[in-house]
Structures are given as C-alpha cells and as structure tokens.
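Given these sequences and hints, build the entire structure.
Below, each chain spelled out in residue letters.
There are 2 protein chains.
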Amino acid sequence: MKISFVGIGLMNGSLSLDLQRIYPEAVIQGISRKETTLDRALELGLIHQKGRIDQLTDVDWVFVSIPVAAIASSLPTILDNVGENTMVIDFGSTKAAICEAVKNHPKRNQFLAAHPIAGTEFSGPDAAIPNLYDGKTIILCEAEQTRSDLLPRAEKLLKKLNMVVRQMSSLAHDKHIAYVSHLSHITSFMLGKTVLEKETDQQNIFDMAGSGFASTVRLAKSSPEMWMPIFMQNKHNVLESLDEYISNLNAFKEKLESNAVEDLLTEMKNINKIGTILDRK
Amino acid sequence: MKISFVGIGLMNGSLSLDLQRIYPEAVIQGISRKETTLDRALELGLIHQKGRIDQLTDVDWVFVSIPVAAIASSLPTILDNVGENTMVIDFGSTKAAICEAVKNHPKRNQFLAAHPIAGTEFSGPDAAIPNLYDGKTIILCEAEQTRSDLLPRAEKLLKKLNMVVRQMSSLAHDKHIAYVSHLSHITSFMLGKTVLEKETDQQNIFDMAGSGFASTVRLAKSSPEMWMPIFMQNKHNVLESLDEYISNLNAFKEKLESNAVEDLLTEMKNINKIGTILDRK
Chain A
441 MKISFVGIGL MNGSLSLDLQ RIYPEAVIQG ISRKETTLDR ALELGLIHQK
491 GRIDQLTDVD WVFVSIPVAA IASSLPTILD NVGENTMVID FGSTKAAICE
541 AVKNHPKRNQ FLAAHPIAGT EFSGPDAAIP NLYDGKTIIL CEAEQTRSDL
591 LPRAEKLLKK LNMVVRQMSS LAHDKHIAYV SHLSHITSFM LGKTVLEKET
641 DQQNIFDMAG SGFASTVRLA KSSPEMWMPI FMQNKHNVLE SLDEYISNLN
691 AFKEKLESNA VEDLLTEMKN INKIGTILDR K
Chain B
441 MKISFVGIGL MNGSLSLDLQ RIYPEAVIQG ISRKETTLDR ALELGLIHQK
491 GRIDQLTDVD WVFVSIPVAA IASSLPTILD NVGENTMVID FGSTKAAICE
541 AVKNHPKRNQ FLAAHPIAGT EFSGPDAAIP NLYDGKTIIL CEAEQTRSDL
591 LPRAEKLLKK LNMVVRQMSS LAHDKHIAYV SHLSHITSFM LGKTVLEKET
641 DQQNIFDMAG SGFASTVRLA KSSPEMWMPI FMQNKHNVLE SLDEYISNLN
691 AFKEKLESNA VEDLLTEMKN INKIGTILDR K
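Top line first, the protein sequences correspond to chains A and B.
Read in this note's numbering, the first sequence has 461 at position 21, and its numbers run on one by one without any break.
Read in this note's numbering, the second sequence has 668 at position 228, and its numbers run on one by one without any break.
Keep in mind that the hints were calculated from the coordinates and are not lab data.
Where hints are given, some of them may not hold.
Stated by the list, open to error - Computed, partial: chain B to chain A, Cβ under 7 Å: (1) Ile493; (2) Met630; (3) Pro664; (4) Glu684; (5) Ile717.
As the structure is a computational prediction, the values presented were derived from the model and not from experiment.
Glycine is no exception: its CB is placed at the ideal position from the N, C-alpha and C atoms.
What follows is the structure, given as structure tokens:
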C-alpha cells in the first residue's frame with residue numbers, strides 16, 4: 441500500500457501515525473510546498489519519503505489536508521496525476537467550494553469530500569498526535585459521486601480508524617458547520633482581541649484569567665492561514681451566523697441595560713440545556 | 441478551630457475538602473437557605489453540622505460563597521453576629537458592591553473581600569472537588585481595611601492552600617474581571633443561544649460539534665442564579681466590555697464582507713499572541 445499526504449501538519453500527520461499502526465507495511469510519502477515541513481515530518485517519522493504531485497499513478501490513497509483555498513485550487517491537478525485506482529480524499533473544513541472545483545473533472549468519481557470533526561488549536565507536523573480521529577465523527581459530502589468500488593474502500597478505512605460516518609450534501613454541511621465551528625472561532629478571536637486591546641498590562645490577563653476564559657479563548661490560538669480561507673469560502677453562511685450572534689448580543693445588552701432580570705434568567709436557563717446536548721457525546 | 445460556610449456549593453464545598461485536610465481538628469458547619477443543600481453537604485462530608493447565622497460568636501472563620509447579590513445583602517447581618525475574633529471572607533466574583541455594602545459597618549475590619557480565580561462550570565455541593573484552589577490566584581481587595589492581626593491570619597491560610605495572593609482596589613478588580621471573566625460568560629451563553637436557535641435538529645449539534653465548539657460554549661452551562669447577579673452588580677463594566685466586543689465583531693464582519701483578507705490575517709496573527717500570554721500560566 442502506498443499513501444501520499446498532501447500537507448503534513450496536524451491533520452495528515454495525526455492520520456499518518458494511525459495509518460502506520462493499522463497498515464505497518466504501507467509506504468508513506470509527503471508532499472508540501474515547504475521543504476522544511478517535509479524535513480520535519482521525516483524527522484518525526486510522519487512520512488517515509490518525499491513525494492511529488494506529478495508522481496501519483498501508483499499511489500493507493502491521497503489525503504489532502506491543506507488550507508481550503510489551496511485544496512480547491514490543487515485538487516484538479518492532483519486528480520490529473522493519479523492512477524485509475526487511486527482514491528483522493530480531502531479533509532477541508534468547507535465542502536461546497538471544494539466539490540465545485542472538481543465537479544466536471546473526468547476523475548471526479550475518484551474523489552471523496554470529507555470533514556473529520558477532529559482537531560486541536562495547534563498546527564504543523566509537531567502538532568500531530570496519535571488517535572486524534574478515534575471515536576470522532578467524519579462527514580462525507582456528495583458521496584454518491586464517488587465510484588462505487590472506491591467508496592466502500594474508504595468506509596472500511598474510516599471504520600478501522602473507529603470513526604463515525606455521517607453523510608450530507610456539501611451545502612448542508614457548510615451551513616451547519618458555520619454555526620457549530622466557524623462562528624465559534626470568530627467569537628474566540630474577537631474575545632481575544634477585546635481583552636488584548638483593553639488589558640495593555642498583560643500581567644493582568646496572566647493573573648486574573650481563569651480556566652473559563654482560557655477555554656473560551658482557546659480557539660484564538662488557531663492558525664490564521666488555515667482559518668481565513670475557511671471564513672472566505674464559507675462567507676455567506678459565516679456572515680449569516682455572525683449576524684444572528686451579534687443580534688443576540690445586542691438583545692442581551694439591552695435587557696441588561698433595562699434590568700430585565702427575569703427575562704435574562706429565563707433565557708440563560710434555556711441556554712443551559714446545550715450542556716445536556718453536548719455531554720451526550 | 442471552628443469554620444462556618446455560608447453557602448455550601450462548588451466554592452465553599454471545595455474549600456471545605458481542602459481545609460479538612462489541612463486542619464483535621466476543625467469543626468465545620470454549613471449555613472444555607474435550602475435544607476436539602478445542607479443535608480446533601482452532610483452526606484458528602486462537606487460539613488459536620490448545620491449552623492445558624494445568629495450563632496457565629498465562637499466561630500473563627502466565616503466563608504461566604506453565595507450569589508453576589510446575596511453576599512451584599514447578607515454580609516451586614518453576618519458581621520452583626522460574629523465574635524470579636526471572627527474573620528469573615530467572601531468569595532464573590534464582584535467586589536465593589538460587596539465592599540460598599542459593609543463600608544460603614546462597625547465590624548468592617550473583620551471582613552476581607554476576596555475573589556479566587558478558580559471554579560468550574562458546575563454548581564452545588566456535588567460539584568465540590570479537592571484541590572480546586574491549588575496554585576490558583578486569589579485577588580484581595582481593600583485589604584488595608586482588614587484588621588492588622590486578622591489579615592496575616594488569612595494570608596497564612598491562603599498560603600497553606602497554595603494560592604497566589606494579588607491585591608488591588610475593588611474598582612480595579614471589577615473593571616479587569618469584566619473583560620477576563622464576565623464577558624466570556626456572556627459570549628459563551630450567546631454562542632449557545634445562536635446555535636440552539638439555528639440548529640432545531642439537535643442531532644446536528646451532537647454530531648457536528650467538535651471539541652473546539654465544546655470548549656467555547658462550556659461556560660454556557662454555568663448557573664444563571666450565580667451569574668445574573670454578577671452581570672447586574674458589575675453592569676457598568678460588563679456593558680462597556682460588551683460594547684467593545686460587539687464593535688470588534690462588526691468590524692470583523694465588515695472586513696469579511698469586503699474581502700479584506702490581508703487585514704484580517706494580520707489581525708488574527710496579532711490575536712494569536714494571547715496563546716503565549718495564557719500559556720505562561
């Protein structure tokens with residue numbers, strides 16, 4: 441088995457650790473714009489060799505985990521270069537623009553659009569950890585467009601990773617994910633910004649911030665190079681979710697200004713139930 | 441040694457576990473509006489007996505950890521009832537209104553206003569955990585108004601809990617804490633609200649929400665009875681922080697709408713540094 445990772449940071453690096461465990465005989469190559477990233481991935485044992493985007497004919501799997509704008513622009517070239525039994529899977533956090541980029545490609549049916557709901561706020565090869573995907577959900581989009589002999593192969597691999605597969609359209613994916621992922625990255629970045637602007641004495645952040653603040657602002661450590669293209673590609677849904685969030689904040693503010701204590705208590709009690717929903721996980 | 445806990449939930453319950461370890465001989469009593477809370481605290485071993493607010497003359501320490509509006513209204517009565525060597529400490533998340541409530545009390549100098557930067561999103565006696573305060577910061581306000589023989593006694597106890605003491609005025613405390621704690625509770629509650637409103641199919645939250653969302657929305661599980669009074673007591677600072685946060689969100693939105701990619705990238709990279717500041721902890 442031969443596996444090519446396009447991009448070898450948190451996502452593909454972690455995947456490599458798991459796949460090396462599951463398929464110890466696999467030959468693993470990495471492809472990256474940055475030579476230093478490949479050297480580090482070799483050092484860390486995430487890949488066995490450097491690969492080339494124009495040498496993919498004998499590769500069984502190509503996993504593409506790079507910023508979403510780069511996925512959309514690279515996928516056609518990758519498909520141009522693969523053999524007839526190569527399966528190409530992307531792990532981008534948006535799906536509509538990526539599916540759109542290859543919808544008329546002659547090898548569209550060798551591609552599977554996927555979004556694993558897994559990750560950390562860190563990036564790069566050093567962020568790779570084993571078992572990142574264990575027990576996590578992976579969303580497959582437009583899977584009916586993937587060749588009927590290749591899709592089960594992917595499903596088998598995902599099962600070995602102990603992932604829970606869910607299918608939906610790329611439009612539905614992008615709409616929902618704006619709310620449960622993209623929006624929370626923006627709220628976290630803007631919280632970080634607001635505090636940094638106000639607390640010019642950084643010692644105060646250091647001393648007075650508790651675990652609650654750290655948790656809420658954690659995503660503000662995320663890679664801008666990774667997230668900016670996500671916000672841009674999913675702009676329509678992200679802006680809609682932002683509008684609703686800002687409108688909720690304004691309503692809260694007005695209620696607080698007018699001492700509408702009972703209203704706010706009722707509202708907060710209703711919101712509490714998100715704990716029950718998430719803790720089911 | 442005799443210790444009275446007014447309120448026996450997360451904060452005082454956890455404190456009791458630590459103090460029982462440090463002072464195994466201490467007699468510990470609990471005072472609460474709710475008989476069921478006291479019964480549960482007895483069952484959990486958080487207190488040895490039920491106490492009464494009008495029987496505090498022979499008590500060495502009174503710790504008051506109840507919603508901040510109740511702290512402000514109960515403190516004068518508590519001070520009325522203590523003996524001349526009793527020390528009263530509150531653990532409220534606001535400090536100005538609480539200090540104001542007792543500023544002319546004849547026993548003001550037996551009181552110490554404190555805010556430990558510790559906690560979880562859970563509440564009630566069952567939320568009590570050992571070592572909650574270990575290594576955490578505690579902010580003391582207007583400590584110069586506490587009797588000079590009592591203050592060192594408190595500092596000694598806090599040292600035994602391995603807490604890091606920082607002093608500031610109650611006004612400075614309330615202003616800073618609005619940004620690094622109160623605001624993040626509101627951003628988290630409103631994120632929860634926005635997602636709950638949009639995702640009427642709760643299965644989608646369940647399946648598509650990753651650890652990033654869970655982290656950002658964690659504080660939305662917090663007790664409304666505890667937090668509503670905090671927002672009200674610190675309304676001026678909370679509204680100011682909310683205004684700045686909303687204004688940052690609107691600016692982000694406008695930049696996204698106008699595809700100001702470079703601007704947003706630079707901004708996000710600047711915000712990333714909050715990670716370095718917080719990770720120093």
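Hints versus structure:
Against a cut-off of 7 Å between C-beta atoms, the interface hint on Ile493/B is violated, since the closest Cβ of chain A lies about 25 Å away. Checking Met630/B against chain A: minimum C-beta separation of about 5 Å stays under 7 Å; hint holds. At its closest, the beta carbon of Pro664/B sits 4 Å from a beta carbon of chain A; the interface hint therefore holds under the 7 Å criterion. At about 5 Å, the closest approach between the beta carbon of Glu684/B and any beta carbon in chain A falls short of 7 Å, and the interface hint on this residue holds.
Nearest Cβ of chain A to the Cβ of Ile717/B: about 5 Å, under the 7 Å cut. The hint holds.
Figure legend: structure checked against the earlier numbered hints; the only hint not met is number 1.
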